[in-house]
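These protein sequence lines are chains A and B, in that order. For the first sequence, position 68 (counting from the first letter as 1) is numbered 68 according to this note's numbering, and the numbering increases by one without interruption. For the second sequence, position 207 (counting from the first letter as 1) is numbered 207 according to this note's numbering, and the numbering increases by one without interruption.
Treat the hints with care, since some could be wrong.
[As the list claims (entries may be wrong)] Only pairs whose alpha carbons sit at most 20 Å apart, straight line, appear in this in silico DMTMM-like list of lysine to aspartate or glutamate: (1) A:Lys35 - B:Glu188; (2) B:Lys199 - B:Glu163; (3) A:Lys35 - B:Glu155; (4) A:Lys114 - A:Glu40; (5) A:Lys114 - A:Asp94; (6) A:Lys264 - A:Glu20; (7) B:Lys67 - B:Asp53; (8) B:Lys198 - B:Glu250; (9) A:Lys35 - B:Glu200; (10) A:Lys262 - A:Asp58; (11) A:Lys35 - B:Glu197; (12) A:Lys56 - A:Glu40; (13) B:Lys199 - B:Glu155; (14) A:Lys57 - A:Glu20; (15) A:Lys35 - B:Glu156.
I should point out that these hints are in silico values taken from the structure, not numbers from a laboratory.
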Amino acid sequence: MIPCGCDVGAGAVKLVVMEEAAGKILFAHTERIRKRNPIEVVEACFTRAAEEGFHKKDFSYIAATGEAEAVHERTGIFFSMTCHARGARYFFPDTMSVLDMGALHMRAMKLDGKGKVSAYKMTSQCASGTGQFLENIAGYLGLTMEELPELSLRSDDPRPLSTICVVLAETDIINMVTRGAPLPDIIRGIHDSISRRAVKLLSNFSPESPLTLTGGMARDTGLVRSLEMELHSEGFSIAVQRHEMGVYAGAIGAALWGGVRKNKTP
Amino acid sequence: MTVQSILGIDLGSTTCKAVLLDESGNILGRGITDTRTNYHVAVEAATLEAISDAKLSLASRFGEEMKNVGLDVKAQVGTGYGRQLLPFPEEHIRSEILCHAKGAHHLFPKTRTVLDIGGQDTKAIQMDENGSVTSFSMNDRCAAGCGRYLGYVAEELGIGLSELGPTACSACRYTPIASTCTVFAGAELRSLLYAGEKKEEVLLGLHRAIVLRALSLLARSGGVRNEFTFTGGVARNEAVVRILRELIAEHHGSITINIHVDSIYMGALGAALHALESL
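Throw the hints in and build the complete structure from the sequences for me.
Pasting the structure below:
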């Protein structure tokens, strides 16, 4: 049984192929959307998988999540929240809270002992504090996303942003640069601002330790440090854990749920 | 020979505007430049442009020799988003609210309500018959409903800012936009286009969203009263103007709507008028 999970996010499509019995990841691929039609990007992911010997016809189940309509050959659709929860438990079976930081949305979830989502909160009206925000800003500063963590970790004097709006923050940051603020301090200020938003989201329910970070932004160690400090200063004693493959949490969760559904149907 | 003049500077988030007045309050010259990255250069460039514009218009009115006339700036007042950064003494700085109200009242003395949509903020101002501000509301927290929103949409589509209005106006109907946030609206725009919606209709929907935000701000400030003056850079966008006219007529009845060709200079004009008064 090799179920496939495809998570169509706002910024990237993530595809994984799993060996169900062993719970092993056989293939994983991320493809940035970059203003393309998500349907084409999904196809590109399947083509990559086929090149590695994983053909659509071989999959026991194609589980789609996120903007699931873009996955034409899906067997079924799964709710993002439950997929991320399942993916977080896959990496860390002791996970009690999940924070998914994606390109356009942030989701905070609380899990019960069995790994079921017992409470959740998602950003809705405003894109501040999301990956797109960070990427836009990296763009203004002429940096890549990979360069941000190291710079942020170097700062101990974060520059606060005067606005939470992604679009208006651009001017704020241009001003900081013009006034000669050091780059690490600017980036740390942005990481702090995102962290405040995340902790506010988690504060909607009483989050329990440990917290697993998923989504593309979980890769940013500078952001993780800011988040840990913000949690601490807000009085939460929560251990934060993240996995190198955290960006695949949704796709992994979908594949695993797909396997479950497949086994239930004769 | 030197001509006495009064300078008003509106250092906005996106553009910097300068207006030169003569001693009777007539506009001599205008200058505008991009604010991005360097405020001091922007102020200087806008001022120099206003001075050369003034010389050219003087020359066309009074003869070629006016091209070499000296322009003496007797007084100056600054306003706008970056006004605190201007190298002016404290008493030569005025708030944008006061300046926009002043400029609008000067050009259209019957104005009671002013809507100013700038690059990064939207202002709704109410004033009495003497032009004194009685109340105002402002949005400077969120780019939704500001000029930057349209700038973002234009970047998303890869078209110029000046093409937005005409493109939207060519649509007969609009596609409603559900998102408030500029970034979400950008994502929504893309998915609507993939779903086969027409670009013109989606654009008209986006322009409508801006106007709806402005109308709710106006309602908070005290409504839309006769006469209504629309200022700021976005007043140059024909689609916004068209929708604003339609919606005001629908919800507020017959109201005179004033839009001046100098709408983008309204703040700078108001600042110059404040400077003139201080003499």
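* Tell me, in ascending order, the numbers of any earlier hints that this structure violates. => 4, 8
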